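Participant: Guided by the hints, dock chain B onto chain A, whose structure is given.
Those sequence lines, one after another, are chains A and B.
Letter by letter, the first sequence follows residues 93 to 296 of the numbering used here.
Letter by letter, the second sequence follows residues 680 to 978 of the numbering used here.
Rather than coming from a laboratory, the hints here were simulated on the basis of the structure.
Possibly wrong hints are sitting among the right ones.
[Said to hold, decoys possible] Pairs of lysine to aspartate or glutamate residues, derived as EDC-like cross-links and limited to a Cα-Cα distance of at most 16 Å, are as follows:
#1 K715/B with D686/B
#2 K715/B with E281/A
#3 K822/B with D957/B
#4 K715/B with D957/B
#5 K715/B with E147/A
Computed from a predicted model, the values in this text were never measured in an experiment.
Listed below are the residues making up each chain.
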Amino acid sequence: MVPYGDSAFLVELPDLAAVIAFYRGLVGAGMTGRPEGVMDVVPAARTVLVTFDPEVLAPSDVLAWLSGAEPDHSAAEPGRAVEISVAYGGPDLAEVAGILGISEADVVRRHTGAQWTAAFAGFAPGFVYLVTDGDQLAVPRRSTPRTAVPAGAVGLAGEFSGVYPRSSPGGWQLIGTTMAVLWDSARPEPALIRPGDTVRFREA
Amino acid sequence: MGIVVLDPGPLTLIEDLGRRGSADLGLSPSGALDRKSLMLANALLGNLPGAPGLEVLLGGLRLRFVTGANVAVTGAEGRVTLNGAEIDLNQPVRVPPGAVMAFGPPAFGIRYYLAVSGGIAAPALLGSCSADLLSGEGPPPLKAGDTLALMHGNGAAAVTDSAPAPPPEVFRGVFRRAPDPNSPIALRVDRGPRADWFDDASLRRLTGQSWTISPDSNRIGARLLGRPLRLNRTEELPSEGAVLGALQVPPSGLPTVFLADHPVTGGYPVIAVVRRADVDLLGQARPGQRIRFLGAIGA
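Excised from the complex, chain A in its bound form (with noise of 0.2 Å):
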């Protein structure tokens, strides 16, 4: 655990499933044991980064809070499994089809018979980067990114799959569209997958 200023650690961890298991068992049913003061559990893709009122809590506090913390590597809550539908047929499945050396069918019956699970969100409120077992669709990134790509996109780079919730310039692979709304600052609950939710793709 690395001091982070004086009101935040950075725990760093060996790699994403285990940054994952922390997070979840920070947030999950840790919950309760939260000490007052804790802001906000940041995951990312080594670390969690964990930000605290000086003001209100001690960093000793904090510390102690993070070392009883237990990873938790089951999956998630029932609550928390999000479906979404795509119609695939974006304008780089060809392509991706072709770095993978399999059919565009290959690529959809992946996509949609992977079990994904959202690390960490990123760039835009509502981004979240979606991991799966095994690398079957790891696909680079566009040489050229996009200026523009439109909101609902469901895209590839890396080992990550993730879907754009709102149009942005953008470097991934787009293999589809949902007309999902990943982000709805109305809703109670704006963000429609959150870091640690499971994520199963279904052909529209």
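Facilitator: Relative to chain A, chain B alone:
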């Protein structure tokens, strides 16, 4: 009813003390850049510390109070008038119905905070009414013709934080002064999580030289100009969570200090972190203003 915006000035935003617990959804903490000034303005009126107020960048704001209200202006210092007569800053002021309030250009600092008794009414997102310019979430910047509604009571309905306001006596006699634009601002720093990515000369240079606030600074970050820092590693850092006050150093070697609307994760190494209590000063730093970092960040 309420307050009519006659002229929003360059940028006027509704801000409270920001969101907590939503960074893992990709949403910045946001909130007033100079938190103590907003809290002071609220305390002067008996509001909760986090009641929503206005963050007024560089003045220019003109408001007509259709309804009378008690207000307090804090933060930047400049000529603020009510029907043409200058009002006291850092004091509760009674605004009669129909009065026009105008904010002149500040002589010290760059962001005024206007609190209104009860707080400004705005829809809350994840526990906060703050405008976040990185994501575009929260209330949009004010524009001419907008009407602001006022809340009743002490702003309790607007915030999930239900801690009672500190009594105004706490602030009695406190004259917060925005930093003098002609003197360097001193900020205490602690060693950052990736300080070991920098050579010793760079670690010394961070606190040894003075830096200048770039005109490209905004609510996302204060960009610094100076002799660049040098990384002693070339590999890419996997993105990791970022905090308020983090000094992130991109390949240019010129640090950016993350402010309230900062990205929740970042892929550049963080050499040092400004103490939470000192970050407010950066919200008042003008372009061209000098900055000194105080602290021992070497290994």
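Participant: All hints are to be evaluated individually against the structure, with a verdict given for each.
Facilitator: How the hints compare with the structure:
no., hint, result
1, K715/B with D686/B, "26 Å, violated"
2, K715/B with E281/A, "30 Å, violated"
3, K822/B with D957/B, "31 Å, violated"
4, K715/B with D957/B, "10 Å, holds"
5, K715/B with E147/A, "14 Å, holds"
In terms of the numbered hints stated before, the structure departs from hints 1, 2 and 3, listed from lowest to highest.
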